[in-house]
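Visitor: The lines below spell out each chain.
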Amino acid sequence: MGELLELQGEASTDTIAGFVNRVAEECSRAGADEESCYALKLAVEEVCLNVLQHGYQGKGGPLDVTLANEADRFVVTITDTAPPFSPEAAPPADVESDWESRPIGGLGWHLVRQMMDTIQHEITPAGGNKVTLTKLRTS
Amino acid sequence: MEMTTSDLGGVTRITIHGSLDFKSAPDLESRIASIADTVTSAVIDLTHIDYLSSIGVRALLATGKAIASRGGKLVLLNPQDVVRTVLFTTGVNHVMPIVFDSDEANRLASAG
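Those protein sequence lines, which keep their order, are chains E and H. Sequential numbering of the first sequence, starting at 1, is according to the numbering used here. Sequential numbering of the second sequence, starting at 1001, is according to the numbering used here.
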């Protein structure tokens, strides 16, 4: 129980790849089921890439990820110092239209919303963003 | 991520292994684009893909759209468990067939 990971780095694709792998490893080591590990790995990839590409406009900046194992759930936090944003403001993904009218993209937050049990966003005292995601354990 | 291509009864069969994430998806997209100009019907075998994120979905959609724009068809074959969940959650099944039988995949791709 408790904190499993506390990762700090400079946002880049290499850093994010490392964070994603560490989250997946710790999740498996903590005995989580495959579906929960997949969902946590995917959520960390999607949110961190959004921070890098949109929050930091591809230029990098501080990126912290934590993973904790609580009684019935895993809790992930992702913290940056990018300009505040709201996950609720992300436009809904079009997942039903045919080829002609469907934009290819905007699927990241959609997947996170579908695969996590809760998503919270807060503005940090430093003026950045902290996203807290929870995934209930199924085993 | 590893990718191999073959011809199976006139249908291009693309088999990929490994993870289709933000590190590998651009590579897949460019490798498929290099052969997609001549492809009118294709099956992507996902049996050995163990991880798919939104960028991987985007690569599959871009490939399918390119083939559809030339009047062809892309069919996805045999995605496993959580990969299947990602495909259905993102509505990929609304724009390209997802099937679990190799012969059926070929038949659907050939039908155009």
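Note that these hints are calculated values from the structure, not bench results. Heads up, a few of these hints could be off.
Across the chosen pairs, the derived CB separations fall in these ranges [to be verified]:
(1) P103/E / E1002/H: 21 to 31 angstroms
(2) W99/E / E1002/H: 21 to 31 angstroms
(3) R1107/H / Q120/E: 46 to 56 angstroms
(4) D1101/H / S101/E: 25 to 35 angstroms
(5) G1018/H / G61/E: 24 to 34 angstroms
(6) I1035/H / T132/E: 42 to 52 angstroms
(7) G1010/H / E3/E: 55 to 65 angstroms
(8) I1035/H / E70/E: 39 to 49 angstroms
(9) N21/E / D1103/H: 36 to 46 angstroms
(10) S86/E / G1009/H: 44 to 54 angstroms
(11) P1026/H / D98/E: 19 to 29 angstroms
(12) I1035/H / S86/E: 18 to 28 angstroms
(13) D1027/H / P103/E: 35 to 45 angstroms
(14) P1026/H / R113/E: 31 to 41 angstroms
Reference excerpt, derived from the structure (chain H facing chain E, CB under 7 angstroms, subset only) [unchecked claim]:
(15) V1057
(16) K1065
(17) A1068
(18) Q1080
(19) V1082
(20) V1095
Positions of the beta carbon are idealized from the N, C-alpha and C atoms, including for glycine.
Visitor: Each of the hints needs a verdict: does it hold here or not?
Guide: A quick look at each hint next to the structure:
1. About 30 angstroms separates the C-beta atoms of P103/E and E1002/H, a value consistent with the hinted range of 21 to 31 angstroms.
2. A beta carbon spacing of about 28 angstroms between W99/E and E1002/H agrees with the range 21 to 31 angstroms that was offered as a hint.
3. As the Cβ distance of R1107/H to Q120/E is approximately 48 angstroms, the hint placing it in 46 to 56 angstroms holds.
4. Between D1101/H and S101/E the beta carbons are some 30 angstroms apart, a value that agrees with the proposed interval 25 to 35 angstroms.
5. For the hinted restraint 24 to 34 angstroms between G1018/H and G61/E, the CB-CB distance of approximately 30 angstroms keeps it satisfied.
6. Distance hint for I1035/H and T132/E: a CB-CB separation of about 43 angstroms, consistent with the stated range 42 to 52 angstroms.
7. The hinted range of 55 to 65 angstroms is satisfied by G1010/H and E3/E, whose Cβ atoms lie roughly 56 angstroms apart.
8. Restraint check, I1035/H to E70/E: a C-beta distance of roughly 48 angstroms satisfies the suggested window 39 to 49 angstroms.
9. Checked against the hint of 36 to 46 angstroms, the C-beta distance between N21/E and D1103/H comes to roughly 37 angstroms, which is consistent with it.
10. Judged by the Cβ atoms, the range 44 to 54 angstroms given for S86/E and G1009/H holds: they are separated by roughly 51 angstroms.
11. At roughly 25 angstroms, the beta-carbon separation of P1026/H and D98/E lies within the given 19 to 29 angstroms, and the hint holds.
12. Distance hint for I1035/H and S86/E: a CB-CB separation of about 41 angstroms, inconsistent with the stated range 18 to 28 angstroms.
13. One distance hint, 35 to 45 angstroms for the beta-carbon pair D1027/H and P103/E, is violated here, with the actual separation near 23 angstroms.
14. The hint said 31 to 41 angstroms for the Cβ distance between P1026/H and R113/E, and at roughly 25 angstroms that hint is violated.
15. Given the 7 angstroms rule on beta carbons, the hint for V1057/H holds: about 6 angstroms separates it from the nearest Cβ of chain E.
16. For the restraint placing K1065/H at the interface with chain E, the shortest Cβ-Cβ distance is roughly 6 angstroms, inside the 7 angstroms limit, so the hint holds.
17. The criterion of a C-beta within 7 angstroms of any C-beta in chain E is met by A1068/H, whose closest approach is roughly 5 angstroms, and the hint holds.
18. Interface hint at Q1080/H: violated, since its Cβ lies 10 angstroms from the closest Cβ of chain E, which is beyond the 7 angstroms cut-off.
19. Against a cut-off of 7 angstroms between C-beta atoms, the interface hint on V1082/H holds, since the closest Cβ of chain E lies about 4 angstroms away.
20. With its C-beta approaching chain E no nearer than about 6 angstroms, V1095/H sits inside the 7 angstroms limit, and its interface hint holds.
Hint check: violations occur at hints 12, 13, 14, 18; the rest are consistent with the structure.
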